[in-house]
Amino acid sequence: MSRIAALSTSAPLMFTPESRVPEGGVGEWFRGAGGLRLRLGFWHVSHHTNRPARGTVFISPGRSEPIEKYYEVIRDLLSRDFCVVAHDWRGQGLSARLLPDRLKCHARSSDEFLDDFQRLLDAFEERAPKPWVMLGHSMGAALNLATLVKGETRIAGACFTNPMLRVKTGKHSLWSVNFQTNWQVNHGRGTDYIPELFDDPFMNTFEEDALTHDPVRYDLWREQLFACPHLAVGSPTWGWLQFALKLGEALLKDKDKGLKKIKTPITIICSGDDHVINKQPSKLFAKKLGKAQYIEIVGAEHELLIEADTYRQQTIEAFDELVDFVAPRILEGQARKLVQDNIAVGLPAADIAEVASELPEGISPESLISEEAPFLDDPAPRDDHKLA
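With the UniProt record's numbering applied, the sequence shown corresponds to residues 1 to 388, in that order.
No lab work stands behind these hints: they were computed from the structure.
Here are the simulated lysine to aspartate or glutamate pairs, EDC-like style, with alpha carbons at most 20 Å apart:
hint: 1; residue 1: K261; residue 2: E249
hint: 2; residue 1: K291; residue 2: D254
hint: 3; residue 1: K168; residue 2: D273
hint: 4; residue 1: K253; residue 2: D111
Given the structure is predicted, the values throughout are model-derived calculations rather than measurements.
Take the sequences, apply the hints, and build the full model.
The structure is reproduced here in structure tokens:
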């Protein structure tokens, strides 16, 4: 099989009456490392507007999260003129599971996840408009960071919420958790549930288990889960915990000095009241990066993208600030004036053609340099970055 992921037959995107698939979405299967069948969803902005695409956002969910949990986020991105690619990591969503017990959240190594993601990017090289932006949460954010550390340069910007650099270990020290995890894996128990963390995903309640202050968004996800039980993922195994600990530690230690090579602008957003991830390592990590800012949202819980509006709005605004820098809208009036100004100062035709070639998809260079076409005034600033 080619190193580039092969897209094959269509895959389902699940929905409920209250949480429908964003318009224009298509589900597809692709082959990950080792030939594993993985699922993605793709939305092209042309289904929503005649304006040119600003680029493509790649959504990488956290542990146990499927594509369906991000429908609201996908609508937000489409309203901002972005194409969207969302995917299920191996072992969750409708992607192939790694063990006969579908509810076991298991992992073998970070290399498999990184290989899968690389195949995904390669498959969209000619299909997804650039610039490309990463939007990763928790486990997905940590894996996206590892992708950048390994030298991926096609990403123009990245926004990470609560990256899984160091999981909280409760009353246990990090050293003791590492020791016990390695002991269990080395003694053949890597695929066993961690007894202390065991729970049934179908028995969770908002009062006891929610990682958001928003009961409506929490219930929407729960309805999706019961409508399609195959989306469910339960407690982690010792193997998954070892993967999570090693991934975070490798990023923080940065033995290969890969952080200094990252030129991608990065925004790291952490929750003030996160009960899952330790936020301090993320703050220190951001300082090591050349082009990064750290934002903490006081009072917010772990799942910022399905948090109450008070907290979620701050997350969206931080994302907007990043993409306005790395993937700004070029309005038609601005584009026309850009070309006409170059004509006015007498630039050679070759230079004018080069300027025109920089225009986004959907804007014809010929229409912009036509003497018969009047200048278009830029439309008033849009408020679509404000959430209802």
